[in-house]
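Novice: The residues making up each chain are set out below.
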Amino acid sequence: MSLSRFLVKRALQGIFVVWGVVTVVFGLRFIAPGEPENVLLPPDVSAETRQQVVAELGLDEPLPIQYLDYMAGLPFGDMGTSLVTKTPASGRVLSKLPATLELAIAATIVAIVIAIPLGVISATRRHEPADYGATTFSLVGISTPNFWLGIMLIIVFAVQFDVFPTSRRPVGLDAVLADVAAVQLGAAAAGLQNWLYHITLPSIALGTYFTALITRLTRSGMLEELGAGYVRTARAKGLPETLVRYKHALRNTLIPIITVLGLQLGTLIGGAVITEAVFNWPGLGTLVIHSIEARDWPVVQGCIIVIGIGFVLLNILVDALYAYINPQVEYD
Amino acid sequence: MSDDNRVTRRTFLQYGGVTAGAAATVSLAGCGGDGGDGDGDGTPTPGDDGDGETPTDTPTDEGPSVPEDFPVRITQGNMPSGLDPHDHRETPTDVVMLHAYEGVLGRDPDGAIFENLATGYERVEPGHVRFTIREDVQFHNGDDLTPADVAYSINRMVQEDVGFASPQRDQLAGVNEAAVADDARAVDVFSDGLNPTVISSFGTYCDVMQQSWVENHTKAEIGKQMNGTGPFQLDSYTEGEEVVLARYEDYWDGPADVSQVTFTAASEAATRVNQLLGEETDVTVNVPPQEVGRVENSDVARIEAAPSTRIIYNAMRYDVEPFSSQEFRQAMNYAVDLESIVSNVLEGFGSQTGQPTLEGFVGHNSDVSPYEYDPDMAEQLVEDSGHAGVEIELHTPVGRYLKDLEIAQAVAGYVDDLENVSASVNQRDFGSLVDDLASGEITDKPPWYLIGWGEATFDGGLVITALLSTGATFSSYSNEEVDSMLEQSRNQGGDERDQTLQELNALLHDQAPWIYLNRQFSVYGASERIDWSARSDERIDAYAMSPSS
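Top to bottom, those sequences are chains D and P.
Using my numbering, the letters of the first sequence map in sequence onto residues 3 to 334.
Using my numbering, the letters of the second sequence map in sequence onto residues 2 to 550.
It should be emphasised that the hints constitute simulated quantities derived from the structure, not laboratory data.
Note that this is a predicted model, so its numbers are computed, not measured.
The reader is advised that the hints may include incorrect statements.
Stated by the list, open to error - Below, computed lysine-lysine pairings styled on DSS-like, alpha-carbon distance capped at 30 Å:
(1) D/Lys239 <-> D/Lys249
(2) D/Lys88 <-> P/Lys220
(3) D/Lys88 <-> P/Lys225
Claimed, not checked - Calculated Cβ distances over 10 Å to all of chain P for the following chain D residues:
(4) Val24
(5) Ile156
(6) Pro284
(7) His292
Idealized CB from N, CA, C, for every residue including glycine.
Could you put the whole structure together from the sequences, leaning on the hints where they help?
Specialist: And the structure:
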């Protein structure tokens with residue numbers, strides 16, 4: 003099967019996945035406790051006012067009508083109207099996407115940049131101090147809850163030493179790119195600096211678990227590959243050790259790492275909820291939680307659609323990358 | 002507009018919390034009493050502002066000039082849901098609104114009413130109140146405020162065909178219509194019946210908008226823009242992230258000291274406190290007791306706390322055993338060591354109650370004390386009630402009120418300590434608990450539940466009507482004597498009404514329809530760079546802030 007046919011097939015499957023998820027969530031909202039109007043309005047609102055608000059929000063329509071209305075608008079990007087802000091749900095959801103992507107990608111970069119070299123060093127210097135250091139780091143990293151790490155980073159680096167800010171995202175990478183596009187390079191540089199200043203702590207807090215995980219994967223993968231027959235052959239034919247390690251062994255190690263990276267990145271898009279909350283990072287995870295608390299179902303559904311699409315796309319990307327890394331893998 | 006005027010009102014707001022405690026209490030106790038500023042007893046009310054209802058009519062110097070650049074940042078738990086002042090029912094939204102929009106009346110930090118866009122008000126006849134509208138007030142777009150704008154704003158709230166189905170409709174309960182007076186710069190407000198609480202309602206609610214501006218903008222635009230008469234005007238709004246307001250230099254009462262107010266939100270209390278200690282914000286809301294020490298020990302911030310208008314209580318349904326027994330209900334009150342809950346669970350950030358009406362509210366009876374902690378008496382009363390050996394379950398929301406679960410666990414613990422009663426706690430999702438409470442059927446309510454109630458109008462009669470009168474949506478109680486006294490109070494004004502409500506509160510103390518718990522405190526963290534005090538009504542007013550000296 004060619005790559006393009008494979009992509010089309012997976013995209014069609016993805017549409018069904020997203021549709022299924024949306025339908026389930028749509029159904030769940032009717033069995034979840036707490037009517038939106040009772041959460042939106044304080045208890046002292048009269049029954050008459052409550053009823054007016056229900057009608058205004060369109061919540062008095064029969065369930066199938068609400069579902070069909072929703073599904074009819076969805077292909078055109080209409081995710082309904084937020085029950086809280088009365089603005090389009092799609093706008094609320096999409097406005098949070100850049101922040102989430104930035105944090106997820108930054109955490110992934112932190113993980114890749116640290117974990118892969120660390121894992122390789124750990125594997126090639128097995129039972130040496132560097133290996134013990136790396137395995138200890140990965141054990142601690144995996145065992146540390148990221149909310150605790152986040153709070154500690156804030157207390158030490160923001161409150162105590164004032165090196166980084168405690169929280170927030172005053173500038174987004176989208177704004178920096180807009181400055182670059184407008185050839186406002188001074189503003190773009192200042193914006194980028196401000197962005198890095200704010201994203202450093204959250205990406206470390208979020209990326210640490212991930213770093214530890216990838217370090218362990220890289221180490222065990224490399225150890226396995228370095229013991230394989232083809233590595234012995236490569237060494238026997240006199241290939242330099244760097245080529246053996248990085249061109250042959252590491253390349254084969256990357257396949258499981260990419261799988262994990264892809265799935266983890268999907269999870270991060272779904273919401274690094276706790277990290278976002280600790281650092282007041284205005285992303286999708288925070289929006290989902292707030293929207294569930296407020297029973298703002300159109301926004302909850304919108305978030306889940308975006309997260310679902312993110313997962314589907316990443317899975318397709320990971321599958322496509324397999325074949326790039328290992329030509330033996332075929333699409334089917 | 003005169004400078005005297007400016008100094009008067011600003012000083013009034015700034016120092017009200019510190020110096021006007023006694024004055025405000027007197028003023029509130031006199032609500033409707035001498036016709037000064039209360040809920041109206043038919044006597045004409047003061048016609049100009051700052052006329053002796055506050056300590057600020059003492060001569061004040063001009064003070065320091067307005068600082069050029071003094072930006073302030075306020076971090077709440079949630080962002081405003083939108084910027085339409087009539088289309089929300091949340092405190093965080095209200096806090097933002099009050100900077101750009103104003104009502105005809107306002108309240109000082111302790112709840113006493115003062116004139117804002119009105120220069121006077123009077124009861125013309127039962128059900129008819131007239132507000133005289135201030136001159137020389139401009140909206141942020143430069144247009145003059147007219148009585149027609151005020152009348153339109155009231156009608157936008159109470160009449161669906163004028164505006165929309167405003168969720169604030171019943172904040173002006175009883176009001177039917179407003180119209181411009183024929184022969185004066187005034188607005189007439191018409192209500193069903195006497196409506197003794199109408200002035201109280203206008204003291205807290207009904208932001209004034211410009212009729213032509215509203216009519217020329219779509220509902221969506223009104224939700225993203227602002228055009229009021231308040232001391233700050235909208236600079237920028239990023240939905241869900243930030244609202245930036247700039248000082249309105251032409252404000253009728255003089256420009257604010259604060260040059261810019263930025264509202265942001267962080268749902269996590271620890272994050273808010275970190276922002277405060279990192280000097281990234283100037284005021285944060287809801288500092289939990291466990292974080293108070295960190296703030297107090299810092300050099301850059303302090304704690305500001307004030308009793309709020311919210312009472313936390315345990316309702317006991319009158320129609321199910323064992324709570325149908327007055328002895329049993331009283332026993333529950335005697336069983337709970339409320340003093341210990343306030344000092345240990347709430348770490349002092351609360352005060353004890355013994356009646357539905359909070360201190361400082363119309364109708365509060367200062368002769369009624371909280372129930373003493375007396376477990377022996379409680380066990381005896383349980384025996385007398387004939388319900389010894391009963392098992393009961395307390396339903397409580399989690400995380401909705403300050404230490405709600407911990408309070409519920411303490412209450413159930415004390416009751417369980419009685420030898421003849423077993424008690425446990427059932428943690429509930431707030432939404433599902435409110436579903437049960439709001440259904441309108443008393444049988445849907447749990448027999449015993451913890452809930453809180455805020456009444457920003459400072460009126461005890463409204464609290465009792467909503468929570469303890471027969472058939473009210475949120476009522477867990479029914480008693481003929483209570484109903485008849487409430488009915489009597491509806492046809493009274495001033496002192497007479499206050500007296501009736503005081504007697505009613507004494508009666509409700511004895512009948513014990515609730516376990517009376519604590520008055521919730523609003524606990525804020527404030528930067529040392531600002532001079533500001535917390536208010537009772539959960540509002541944070543940047544107009545009352547100045548650089549600390």
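Novice: Hints first: check each against the structure and report whether it holds.
Specialist: Going through the hints against the structure:
Distance check on the hinted pair: D/Lys239 and D/Lys249 sit about 15 Å apart at the alpha-carbon level, within 30 Å; holds. This hinted pair checks out: D/Lys88 and P/Lys220 have alpha carbons roughly 9 Å apart, not beyond 30 Å. Annotation: proposed proximity of D/Lys88 to P/Lys225 holds, straight-line Cα distance about 11 Å (limit 30 Å). Listed as a non-interface residue, D/Val24 keeps its Cβ farther than 10 Å from every Cβ of chain P; the least gap is roughly 22 Å.
Listed as a non-interface residue, D/Ile156 fails to keep its Cβ farther than 10 Å from every Cβ of chain P; the least gap is roughly 5 Å. Non-interface call for D/Pro284 relative to chain P: violated, since the shortest CB-CB distance, roughly 5 Å, does not exceed 10 Å. At roughly 7 Å, the least C-beta separation between D/His292 and chain P is not larger than 10 Å, which violates its mark as non-interface.
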